[in-house]
Amino acid sequence: MTTINWERESGEKVEDFVAAMLLLGRPRGNQITPSRGDKGIDIRIWNDEASAWDVYQVKRYSRPLASREVASVEESWKTFVEKSLPRMPVHSWNLVMPWDPTNDRLQWLEELTSSAGLDHVGWLGRKQLDGMAAGNPRLVDYYFGDGATRVIELMTLATNAGKALPSSGDSKSDLLEAVKDRHRSLAAALNEIDPFYRYEFEIRAGKLSEVPWMQDVDSSRSVAWIQYEQLDDSYYSILRLIPLSEHSFHFRPITGTLQLEAKPGTEEHTALLDFFNFGKPIDGVAGRVKDLVGPPGIDGGGGRLGRISFFPASGQDEYPDLELRLVSADGAEILRSIDLEGVTVMGAVDSTTGGIFLAAKDPSSLLTVEVTTGAVGKEARIHIQVAPVAAKAPGVIHDSVQFLASITDETGLQIAIRDGKPLTAIWQTHKVDVDKWGPLLKVIEALREIQRHTFERITMPDLDAVDEVYLQRLARTAKLLQGETLEEKWRELPLTYNGTTEASLTHEQFQVAFSRPLTFPINGREIELDMQVRYHLPTARLAAPLESGALRAGDSIRLVPGDSDVVLVTAVPVEPEGALAGESIAGEGTQV
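Numbering (my numbering), first residue to last: 3 to 594.
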């Protein structure tokens with residue numbers, strides 16, 4: 003292990019090293035950057051038990067304190083008492099330096115700090131720092147050792163470690179176990195390379211061009227770097243760097259130069275302007291990565307020209323619940339609102355513009371709302387993108403389509419805290435695709451009505467693939483289920499007598515009523531609903547006279563309209579199987 007020669011190290015390096023030892027594994031803490039003075043604080047860490055901060059002041063002094071060093075400590079303490087202590091809850095103040103104090107110096111520190119009323123004042127000296135360093139050799143190597151040599155040693159160890167691969171005569175299970183053991187050894191060696199990141203390495207079968215690689219960043223866990231490489235025609239590798247702490251990015255940043263290329267006037271150039279002015283993600287813009295610096299093993303492509311995308315990865319940031327509102331033109335009345343989920347907020351690359359980009363979806367993921375706003379001299383914009391409705395549940399997308407169908411020339415759009423204050427100005431709207439959303443809403447409402455009468459899961463069809471006959475049948479079925487009585491026309495009704503009762507028909511007009519199962523095509527199959535269609539013919543007569551006045555079982559007859567060709571059609575609950583009460587005939591092949 004590398005030893006630390008405290009006497010030869012700079013104050014900046016000592017402070018960075020101490021901050022890393024204290025902060026790694028403690029997310030609620032900071033190393034203070036003294037842009038305008040550190041206000042007597044180099045490091046602060048939140049103490050949950052005390053509900054207050056533990057404060058550390060770091061000095062590089064490795065020998066007994068001379069008058070100049072004493073004055074420096076006293077000045078730091080005075081600054082802390084004047085500028086920080088009145089403004090924040092403090093549990094302890096700790097002086098940190100690679101020198102172990104004498105009793106006289108401990109008494110001096112006690113007298114210096116006694117009037118502040120702190121719960122604890124401490125001194126972390128050389129022995130404590132050496133002990134902490136011994137427990138974190140990787141961190142010592144990073145700050146004070148030869149990292150490159152260490153990498154070579156570790157990789158050599160990993161290559162030679164593990165069980166030897168078995169000969170061809172051994173079992174397949176022995177071969178698999180040996181491969182797994184060597185892979186574990188390689189993984190363990192990788193994770194000794196850097197004190198701030200953990201490495202994950204995979205080899206998969208397939209081609210990168212066919213891989214949905216964005217799924218690796220669309221997750222709840224934090225990932226600092228993901229690198230893909232096509233090894234040959236059949237395999238590719240994935241290298242991930244997982245930060246060991248929220249402070250890993252501070253102590254071990256990944257930096258480089260990004261050169262993006264786009265010709266003025268092109269869509270790519272417009273996308274770049276939105277990226278710089280608002281932070282709006284870009285997708286596949288030509289560019290190069292140069293001068294990449296970071297943990298061992300990362301590769302930015304060596305400056306080669308490629309396609310570069312920026313998109314928001316899943317994070318832990320929590321935003322207030324938001325909603326998209328449709329309001330009257332003057333904003334005085336809220337006409338409709340939709341909850342927004344999966345809110346993402348990004349800031350402008352050019353921080354001088356002050357622009358932000360906000361993106362969110364409605365609960366059904368039918369609508370994607372994008373807002374660019376806040377940039378100096380740039381117009382705020384809102385864009386709503388609508389996904390295809392096919393295969394979505396009608397009830398899920400109903401409110402969102404109803405929202406779209408309600409947009410007129412007299413309305414406006416606004417982003418607001420859910421049930422609270424608006425966050426944006428009002429964007430004036432106009433009728434967009436008015437001929438699309440109104441009819442679509444009727445289809446959705448009809449399918450929702452049918453869903454109430456079947457256990458089958460109903461989803462939206464591809465409306466570009468259905469014909470007018472389907473839409474007419476959908477509307478008719480929904481009206482029946484909603485209790486409407488439809489008046490339709492009929493031409494003839496072939497019947498077969500079922501023989502359950504004695505019956506006779508005259509040549510005079512008479513009424514006929516019969517029921518049929520109510521069906522509708524769902525997912526390519528004709529499904530019976532929990533209602534029947536009841537047909538009532540107020541006036542009917544025989545198309546041809548019977549040879550005898552009486553009907554016999556199996557007799558076939560044809561009925562045609564009497565004075566009226568109207569048939570009344572309603573939906574009724576399903577009756578028990580068998581002849582319907584009061585009926586003496588059953589229809590087959592009805593033509594209405």
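Don't take every hint at face value.
What the hints assert, rightly or not - Just the calculated beta-carbon pair ranges, DEER-fashion: (1) Thr456 with Pro365: 36 to 42 Å; (2) Lys265 with His432: 31 to 37 Å; (3) Asp285 with His432: 24 to 30 Å; (4) Asp285 with Phe457: 55 to 61 Å; (5) Asp106 with Glu11: 33 to 39 Å; (6) Glu204 with His432: 47 to 53 Å.
If you are wondering where the hints come from, they were derived from the structure by calculation, not from laboratory data.
Glycine residues also receive a C-beta, built at the ideal position from the N, C-alpha and C atoms.
Checked hints:
1. At about 24 Å, the CB distance of Thr456 to Pro365 disagrees with the hint of 36 to 42 Å.
2. The hint said 31 to 37 Å for the Cβ distance between Lys265 and His432, and at roughly 32 Å that hint holds.
3. The supplied range of 24 to 30 Å is met by Asp285 and His432, whose beta-carbon atoms lie about 28 Å from each other.
4. Range check, Asp285 to Phe457: Cβ separation about 42 Å, and the 55 to 61 Å hint is violated.
5. Distance hint check for Asp106 and Glu11: the Cβ-Cβ separation is about 26 Å, which falls outside the suggested range of 33 to 39 Å.
6. Remark: the range hint 47 to 53 Å for Glu204 to His432 is upheld by a beta-carbon distance near 51 Å.
Checked against the numbered hints listed earlier, the structure breaks hints 1, 4, 5; every other hint is satisfied.
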